[in-house]
Amino acid sequence: MTTQTKPRSDAKIVVERTYKASLQDVWDLWTTKHGFESWWGPQGFRADVHELDARVGGVLRYDMVANTPETIAAMKQMGGTTSHATHARFSALVRHERLVITSVIDFLPGVSPYETDIAVELAAIGNSVRMIVTLDGLHSDEFTKMQKEGFASQLTKLDERFAAG
Amino acid sequence: MDAFQALADPTRRRIVEVLRTGEQQVGDLVQRAGVHQSGVSRHLRILHESGFVTMRPDGQRRLYALRAEPFRDLEEWLAPYRKLWESRLDRFGAALEKKQQARRASEENKKK
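Here the protein sequences come in this chain order: S and R. Okay, so the first sequence: first residue is 13 according to this note's numbering, each after it adds one. Okay, so the second sequence: first residue is 0 according to this note's numbering, each after it adds one.
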């Protein structure tokens, strides 16, 4: 069985927004410490950026810190700490046009670490900026997870059963 | 087998991709998906049992086609993830707005 760690093109989620803003402002929210911290979540978490080097291959290192009573409680229940160190990098970057942030997902209980991409494309349209964010679909991560965790071998067994039947 | 497991195999994903273009008979699937003749019936059986494909006989031929239901299930499964990102981009918009307001305020101050 071929192991496919990179998700397939059809397993993506695309979210598109248009903001009344300049390219520079939108770009800064992705590529500066202050900008990134001003919005990055998820809900109930804030990001404390330790290192952000907006170049191709540059490191993005931040703590995801629970900052609501609900998320603090949930984090405590999961593992004790209320923040999580996240390691990522800018795997592609063309100023004001495009960037890809590749993050290591290593916090899911029982799931081996895997990488996931967030691709951002920007285009100025009049006084606005259209931003297209493309996310690796979770079901591709699910594929990765299954492959890494030996679900693949279970599948092979199942295949054998079908072949025999 | 659930949808994710059925699609965990790259060969079966290729079969599904080819079936997207419409109903196919086995011979065409073998050719277009680059599947070995020996494995194709096993893969089709798995896809059939997990609800991805239907088969109808047409004389000597067996025609395979996709069903919509499992794709709806996958879509549903992904919906919360999409929602999460929608709200993330709402915050992105709010942060942009704040940034612009701050700049306008400082420009106003310079004028004074």
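Treat the hints as calculated values from the structure; they're not laboratory data. C-beta atoms are modelled at their ideal positions from N, C-alpha and C, and glycine is treated no differently. Take these hints with a grain of salt, some might be off.
As the list claims (entries may be wrong) - 25 Å max Cα-Cα, derived DSS-like pairs, lysine-lysine:
| id | chain 1 | residue 1 | chain 2 | residue 2 |
| --- | --- | --- | --- | --- |
| 1 | S | Lys45 | R | Lys98 |
| 2 | R | Lys82 | S | Lys24 |
| 3 | R | Lys109 | S | Lys88 |
| 4 | R | Lys82 | R | Lys97 |
| 5 | R | Lys98 | R | Lys109 |
| 6 | S | Lys45 | S | Lys32 |
| 7 | R | Lys111 | R | Lys98 |
| 8 | R | Lys109 | R | Lys97 |
| 9 | S | Lys32 | R | Lys82 |
| 10 | R | Lys98 | S | Lys88 |
| 11 | R | Lys111 | S | Lys45 |
| 12 | S | Lys45 | R | Lys110 |
Stated by the list, open to error - Computed list of chain S residues with no C-beta within reach of chain R, every gap over 12 Å:
| id | residue |
| --- | --- |
| 13 | Ala78 |
| 14 | Thr94 |
| 15 | Leu147 |
Said to hold, decoys possible - Which chain R residues stay away from chain S? Per the calculated CB distances, all over 10 Å, these:
| id | residue |
| --- | --- |
| 16 | Ala64 |
| 17 | Glu68 |
| 18 | Gly92 |
Looking at Thr94(S) again, its CB stays over 12 Å from all of chain R?
Given a closest Cβ separation of 20 Å, the condition holds.
25 Å Cα cutoff - pair Lys45(S), Lys32(S)
Given pair Lys45(S), Lys32(S) holds - Cα atoms ~22 Å apart, limit 25 Å.
Straight-line alpha-carbon gap Lys45(S) to Lys110(R), limit 25 Å
29 Å, violated
Hey, Lys82(R) versus Lys24(S), does the alpha-carbon distance stay inside 25 Å?
Distance of about 14 Å is within 25 Å: holds.
Whether Ala78(S) stays farther than 12 Å from all C-beta atoms of chain R, as the label says
16 Å, holds
Run the distance test for Lys109(R) versus Lys88(S): straight-line Cα separation, threshold 25 Å.
48 Å, violated
Need the status of pair Lys98(R), Lys109(R): alpha-carbon distance at most 25 Å?
17 Å, holds
What's the verdict on Lys82(R) and Lys97(R), does the C-alpha distance respect the 25 Å limit or exceed it?
23 Å, holds
Run the C-beta distances from Ala64(R) to all of chain S and say if the shortest one exceeds 10 Å.
The assertion about Ala64(R) holds, with a minimum of 18 Å to chain S.
Hint consistency between Lys45(S) and Lys98(R) [alpha-carbon to alpha-carbon, up to 25 Å]:
14 Å, holds
Taking only the CA atoms, is the gap from Lys111(R) to Lys98(R) under or equal to 25 Å?
Holds, at about 20 Å.
Has the given pair, Lys109(R) with Lys97(R), been kept, meaning a C-alpha gap of at most 25 Å?
19 Å, holds
Of the hints listed earlier, those the structure fails to meet are numbers 3, 10, 11, 12, 15 and 18, in rising order.
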